[in-house]
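Novice: What follows is each chain in one-letter form.
Protein chains: 2
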Amino acid sequence: MKIGFIGTGVMGSAMIKNLLKADFAVTVYNRTKEHAQAVIAAGATWANSPAEVASQSDVVITMVGFPKDVKGVYFGSKGIFKRVHAGQVLVDMTTSSPKLAQQIFVEGKKRGVEVLDAPVSGGDVGAQNATLTVMVGGLESTYQKMQPVFSVVGQSITYFGAAGSGQNAKMANQIMIAGTMTGMSEMLVYAKAANLDLEQVIKTVDNGGGQNWSLANYGPRVLKGDYRPGFYAKHFLKDLKIALDVADEMELNLPATELAKRLYDRMVNGAGLGNESTDGLVNIYHSWREDD
Amino acid sequence: MKIGFIGTGVMGSAMIKNLLKADFAVTVYNRTKEHAQAVIAAGATWANSPAEVASQSDVVITMVGFPKDVKGVYFGSKGIFKRVHAGQVLVDMTTSSPKLAQQIFVEGKKRGVEVLDAPVSGGDVGAQNATLTVMVGGLESTYQKMQPVFSVVGQSITYFGAAGSGQNAKMANQIMIAGTMTGMSEMLVYAKAANLDLEQVIKTVDNGGGQNWSLANYGPRVLKGDYRPGFYAKHFLKDLKIALDVADEMELNLPATELAKRLYDRMVNGAGLGNESTDGLVNIYHSWREDD
Numbered sequence: 015m016k017i018g019f020i021g022t023g024v025m026g027s028a029m030i031k032n033l034l035k036a037d038f039a040v041t042v043y044n045r046t047k048e049h050a051q052a053v054i055a056a057g058a059t060w061a062n063s064p065a066e067v068a069s070q071s072d073v074v075i076t077m078v079g080f081p082k083d084v085k086g087v088y089f090g091s092k093g094i095f096k097r098v099h100a101g102q103v104l105v106d107m108t109t110s111s112p113k114l115a116q117q118i119f120v121e122g123k124k125r126g127v128e129v130l131d132a133p134v135s136g137g138d139v140g141a142q143n144a145t146l147t148v149m150v151g152g153l154e155s156t157y158q159k160m161q162p163v164f165s166v167v168g169q170s171i172t173y174f175g176a177a178g179s180g181q182n183a184k185m186a187n188q189i190m191i192a193g194t195m196t197g198m199s200e201m202l203v204y205a206k207a208a209n210l211d212l213e214q215v216i217k218t219v220d221n222g223g224g225q226n227w228s229l230a231n232y233g234p235r236v237l238k239g240d241y242r243p244g245f246y247a248k249h250f251l252k253d254l255k256i257a258l259d260v261a262d263e264m265e266l267n268l269p270a271t272e273l274a275k276r277l278y279d280r281m282v283n284g285a286g287l288g289n290e291s292t293d294g295l296v297n298i299y300h301s302w303r304e305d306d
Numbered sequence: 015m016k017i018g019f020i021g022t023g024v025m026g027s028a029m030i031k032n033l034l035k036a037d038f039a040v041t042v043y044n045r046t047k048e049h050a051q052a053v054i055a056a057g058a059t060w061a062n063s064p065a066e067v068a069s070q071s072d073v074v075i076t077m078v079g080f081p082k083d084v085k086g087v088y089f090g091s092k093g094i095f096k097r098v099h100a101g102q103v104l105v106d107m108t109t110s111s112p113k114l115a116q117q118i119f120v121e122g123k124k125r126g127v128e129v130l131d132a133p134v135s136g137g138d139v140g141a142q143n144a145t146l147t148v149m150v151g152g153l154e155s156t157y158q159k160m161q162p163v164f165s166v167v168g169q170s171i172t173y174f175g176a177a178g179s180g181q182n183a184k185m186a187n188q189i190m191i192a193g194t195m196t197g198m199s200e201m202l203v204y205a206k207a208a209n210l211d212l213e214q215v216i217k218t219v220d221n222g223g224g225q226n227w228s229l230a231n232y233g234p235r236v237l238k239g240d241y242r243p244g245f246y247a248k249h250f251l252k253d254l255k256i257a258l259d260v261a262d263e264m265e266l267n268l269p270a271t272e273l274a275k276r277l278y279d280r281m282v283n284g285a286g287l288g289n290e291s292t293d294g295l296v297n298i299y300h301s302w303r304e305d306d
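Residue numbers (the working numbering), protein chains in the order written: chain A, 15 to 306; chain B, 15 to 306.
Keep in mind that the hints were calculated from the coordinates and are not lab data.
All of these numbers come straight from a predicted model, not from anything done at the bench.
Where hints are given, some of them may not hold.
Because identical chains share one entry, a pair is satisfied inside a single copy or across any pair of copies.
[Said to hold, decoys possible] Taking lysine-lysine and the DSSO-like style, the derived pairs with C-alpha atoms no more than 30 angstroms apart in a straight line are:
id: 1; residue 1: Lys217; residue 2: Lys248
id: 2; residue 1: Lys217; residue 2: Lys255
id: 3; residue 1: Lys238; residue 2: Lys248
id: 4; residue 1: Lys16; residue 2: Lys275
id: 5; residue 1: Lys159; residue 2: Lys217
id: 6; residue 1: Lys255; residue 2: Lys275
id: 7; residue 1: Lys275; residue 2: Lys85
id: 8; residue 1: Lys255; residue 2: Lys35
id: 9; residue 1: Lys238; residue 2: Lys92
id: 10; residue 1: Lys248; residue 2: Lys159
id: 11; residue 1: Lys82; residue 2: Lys92
id: 12; residue 1: Lys35; residue 2: Lys238
id: 13; residue 1: Lys217; residue 2: Lys113
id: 14; residue 1: Lys35; residue 2: Lys16
id: 15; residue 1: Lys47; residue 2: Lys275
id: 16; residue 1: Lys248; residue 2: Lys275
id: 17; residue 1: Lys217; residue 2: Lys275
id: 18; residue 1: Lys92; residue 2: Lys275
Next comes chain A alone, as it looks inside the complex (with noise of 0.2 angstroms):
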């Protein structure tokens, strides 16, 4: 099975590697060549277009940054729409839109090819140790069809059902560490005011009824004020945007949600954090940064 994988980025060159690494041949292309040399050097081929990615492979895997980018590789001039060829196989790993999942997939319909929505959460150490989870939409056939591929970069794979289902529990799983995130960011900021000693704070909530896993890992990080990413904030708010579009469109109103978007709107737009990881969401209450 020939592979194409459209995405160079932190998390595809990790999964591109654990793929070359299980003997499959890959086929990569990315915006900036340059961050597909450790690929290549690790026994990729380059090619020079998504179109000539999907000219060659069985299976074509996208994973890039913005719902934006997603239209372009799949319907822009050069994308993969314009060489696919009946049989094959595109899967999408981006975190994306459902309804832009569900285009991709009537499309593919016209032409003879099976589409999946397939985003993960995990992370970049995810990633690098093939432990992702992988949340899929589409037909249940073309599920089956590439466990194969899944099982060699995650390690919890979960059909939801229908094109765009996928994303949709993706964007479930965003929804969620919203919750935690704004938790996480207002309790430190409270309990530095209050003068407590913040790693005993982490020790005792992370012990009862607010443990969570974004404290356990990034609340440590944050005492050392260690923003590096990590998941990039900029991406967070590119989810907590989508999921809300999809909240509206299904006349859903999610508060929180929507205020946990706001908060990282300033930090992203406002702040200029984009690129710092999600837990420097601390960083937009003043009290916090004053005192640092």
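Following the hints, put chain B in place on chain A, whose structure we already have.
Specialist: For chain B alone, kept in the frame of chain A given last:
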């Protein structure tokens, strides 16, 4: 060491039973005497007022509902301070205001009485199994002296500093939980509207970066429509109000916690669901109720 215990609600009764099992003599008072029958049957002695409890005890523990109840129990006409004697220790384990904790401490000091604030987390199950987390404020020497008592009711006991610090640590804990509870509620509302399998969503999210205690413990309950407390929504609303009052005094703006308070206010005062568990928050979202 003779212990007085004021407040024989769900939490207090479970703690009293553990103290009795550890062979402490316990004198109890409760506003509604019927609710003390179980601990009296288990070996506790009844007293007719907080003052009477105080007159007969070396250590007085209070575990009541709201800060106004704490105030009454300590400063009321039949309150503890009417009958304290030098050398006694008073421990308020109610989740209450840090400022009130400081007032009780100061009043105690005047009378040669040591005072701790020592709110707990871990809920009814933690109280029954003596696995509570205890957050202590006051003099460190008093905290050391009370270790034999705390270790009978709790598992993780942490000293946080001067009077009020235990309450502030508890507030930090509740701010964190405000995040996990609002995040979980909106995640479930979104996932349901998107026609995802909610059990699969909980399992997947709880397996990754969104993992948290609330989701693991309350998520499955919500799917069953089980909103029995657990932890009363009305008490959680009280906690959030205290936290935000303190934040206000510290000139902190905590918008996510403020929003959580408004949502719980809608649940408790708007929808009249204050006697349900905190995870019943999901019911203030129209789409959740409508489709049920």
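Novice: Take the hints in turn and mark each one as holding or not.
Specialist: Hints and how they fare:
no.: 1; hint: Lys217 / Lys248; in the structure: both (29 angstroms within a copy, 27 angstroms between copies)
no.: 2; hint: Lys217 / Lys255; in the structure: between (32 angstroms within a copy, 24 angstroms between copies)
no.: 3; hint: Lys238 / Lys248; in the structure: within (22 angstroms within a copy, 37 angstroms between copies)
no.: 4; hint: Lys16 / Lys275; in the structure: neither (39 angstroms within a copy, 54 angstroms between copies)
no.: 5; hint: Lys159 / Lys217; in the structure: between (44 angstroms within a copy, 23 angstroms between copies)
no.: 6; hint: Lys255 / Lys275; in the structure: both (7 angstroms within a copy, 24 angstroms between copies)
no.: 7; hint: Lys275 / Lys85; in the structure: within (23 angstroms within a copy, 40 angstroms between copies)
no.: 8; hint: Lys255 / Lys35; in the structure: neither (36 angstroms within a copy, 55 angstroms between copies)
no.: 9; hint: Lys238 / Lys92; in the structure: neither (45 angstroms within a copy, 50 angstroms between copies)
no.: 10; hint: Lys248 / Lys159; in the structure: neither (33 angstroms within a copy, 51 angstroms between copies)
no.: 11; hint: Lys82 / Lys92; in the structure: within (15 angstroms within a copy, 70 angstroms between copies)
no.: 12; hint: Lys35 / Lys238; in the structure: neither (35 angstroms within a copy, 44 angstroms between copies)
no.: 13; hint: Lys217 / Lys113; in the structure: between (41 angstroms within a copy, 24 angstroms between copies)
no.: 14; hint: Lys35 / Lys16; in the structure: within (14 angstroms within a copy, 68 angstroms between copies)
no.: 15; hint: Lys47 / Lys275; in the structure: neither (32 angstroms within a copy, 50 angstroms between copies)
no.: 16; hint: Lys248 / Lys275; in the structure: both (11 angstroms within a copy, 28 angstroms between copies)
no.: 17; hint: Lys217 / Lys275; in the structure: both (28 angstroms within a copy, 25 angstroms between copies)
no.: 18; hint: Lys92 / Lys275; in the structure: neither (33 angstroms within a copy, 51 angstroms between copies)
Going through the hint list in order, the structure does not satisfy hints 4, 8, 9, 10, 12, 15 and 18.
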